[in-house]
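Please construct the entire structure, taking both the sequences and the accompanying hints into account.
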Amino acid sequence: QQQVKQSPQSLIVQKGGIPIINCAYENTAFDYFPWYQQFPGKGPALLIAIRPDVSEKKEGRFTISFNKSAKQFSLHIMDSQPGDSATYFCAAKYDYKLSFGAGTTVTVRA
Amino acid sequence: DAGVIQSPRHEVTEMGQEVTLRCKPISGHNSLFWYRQTMMRGLELLIYFNNNVPIDDSGMPEDRFSAKMPNASFSTLKIQPSEPRDSAVYFCASSLQKGSEKLFFGSGTQLSVL
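From first to last, the protein sequence lines stand for chains A and B. The first sequence begins at 1 in the numbering used here and counts up by one. The second sequence begins at 111 in the numbering used here and counts up by one.
Calculated directly from the structure, the hints in this document are not laboratory data. Be aware that one or more of the hints could be misleading.
Away from chain B, derived, C-beta distances all over 12 Å, residues of chain A [to be verified]:
id, residue
1, I20
2, N22
3, D79
No more than 27 Å apart at the CA atoms, straight line, and that leaves these computed lysine-lysine pairs for BS3-like [as the list claims (entries may be wrong)]:
id, chain 1, residue 1, chain 2, residue 2
4, B, K212, A, K5
5, B, K212, A, K97
6, A, K93, B, K178
Chain B residues, not near chain A, derived (Cβ > 12 Å throughout) [unchecked claim]:
id, residue
7, E121
8, V122
9, M125
10, S141
11, Q147
12, D166
13, S168
14, M179
15, P180
16, F184
17, T186
18, P191
19, V223
20, L224
Predicted model only: the values in this text are computed from it and were never measured. Every residue gets a Cβ at the ideal spot worked out from N, C-alpha and C, and that includes glycine.
The structure is reproduced here in structure tokens:
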């Protein structure tokens, strides 16, 4: 049973577009919500993260929006670039354990 | 910092053979995780060590899987005997301590069992 549901499975945008990836969770004990970025042949790498007491966090062109009451959070990639083409995983953490979403493959066309 | 180092990067083996995957965590990190990544099941936590002690092995799929951490700088994941359904990418990750928010992943071992 997947504890974090992620959508869409894949998406394609033009350069400069804003891909949006959505995640939902059920377990209210989760206290940290990171996003990981994975390039082919590499391991996932932490991109940005948020805590449930914050509604939005921005780091460069990446923004997380968090809705605690709806138990949903999303990643926006502003002014997307071909170099952003990768698989993105949302995750939720409780204690030492990270539960990952299924991943979204983002393709940014030049 | 060299990051988390895994070996081999690729492993192709015959069904029934023993497979050993290796991991060197980042120096000073006390927590080590083994994950498996497949298209069907995504990223699954197999086992978690803290200070070289296995804390949670509930994700280990079967008795054919075993993991050890003999010291702070080395861990192994062994599959014996291997089966085609074990084919996946296996990642090792480390973090500074239990409950640390940032996980550092290695580049993974692509395992193919024929």
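Verification of the supplied hints:
Separation of I20 of chain A from chain B is adequate, the least Cβ-Cβ distance of about 20 Å exceeding the 12 Å criterion. At roughly 16 Å from the closest C-beta of chain B, the C-beta of N22 of chain A stays outside 12 Å, upholding its exclusion from the interface. The non-interface label for D79 of chain A is consistent with chain B: the shortest C-beta to C-beta separation is roughly 26 Å, beyond 12 Å. About 21 Å separates the Cα atoms of K212 of chain B and K5 of chain A, which keeps this hinted pair within 27 Å; it holds.
For the hint pairing K212 of chain B with K97 of chain A, the CA-to-CA distance comes to about 11 Å; that is within 27 Å, so the pair holds. At most 27 Å may separate the alpha-carbon atoms for a hinted pair to count; K93 of chain A and K178 of chain B meet this at roughly 24 Å. Its beta-carbon lying about 15 Å from the closest one in chain A, E121 of chain B satisfies the requirement of being farther than 12 Å from that chain. No beta-carbon of chain A comes within 12 Å of the beta-carbon of V122 of chain B; the shortest separation is about 16 Å.
Listed as outside the interface, M125 of chain B is consistent with that label: its C-beta sits roughly 25 Å from the nearest C-beta of chain A, beyond the 12 Å cut-off. Some Cβ of chain A comes within 12 Å of the Cβ of S141 of chain B; the nearest lies about 7 Å off, and the non-interface call is violated. The non-interface label for Q147 of chain B is inconsistent with chain A: the shortest C-beta to C-beta separation is roughly 9 Å, within 12 Å. With a cut of 12 Å on Cβ distances, D166 of chain B falls inside the contact zone with chain A, its closest approach being about 7 Å.
Once the 12 Å rule is applied to beta carbons, S168 of chain B is inconsistent with being away from chain A; the minimum gap is 10 Å. With a least CB separation of 15 Å from chain A, M179 of chain B remains clear of the 12 Å interface cut-off, as annotated. With a minimum CB-CB distance of about 21 Å to chain A, P180 of chain B clears the 12 Å threshold, and the non-interface call stands. For F184 of chain B, the non-interface assignment is confirmed: its Cβ lies about 18 Å from the closest Cβ of chain A, beyond the 12 Å cut-off.
Under the 12 Å C-beta cut-off, the non-interface status given to T186 of chain B relative to chain A holds; the minimum distance is some 18 Å. The claim that P191 of chain B lies off the interface holds: its Cβ sits roughly 27 Å from the closest Cβ of chain A, which is beyond the 12 Å cut-off. With a cut of 12 Å on Cβ distances, V223 of chain B stays outside the contact zone with chain A, its closest approach being about 20 Å. Remark: the non-interface label on L224 of chain B is consistent with the geometry, its nearest Cβ contact in chain A lying 21 Å away (cut-off 12 Å).
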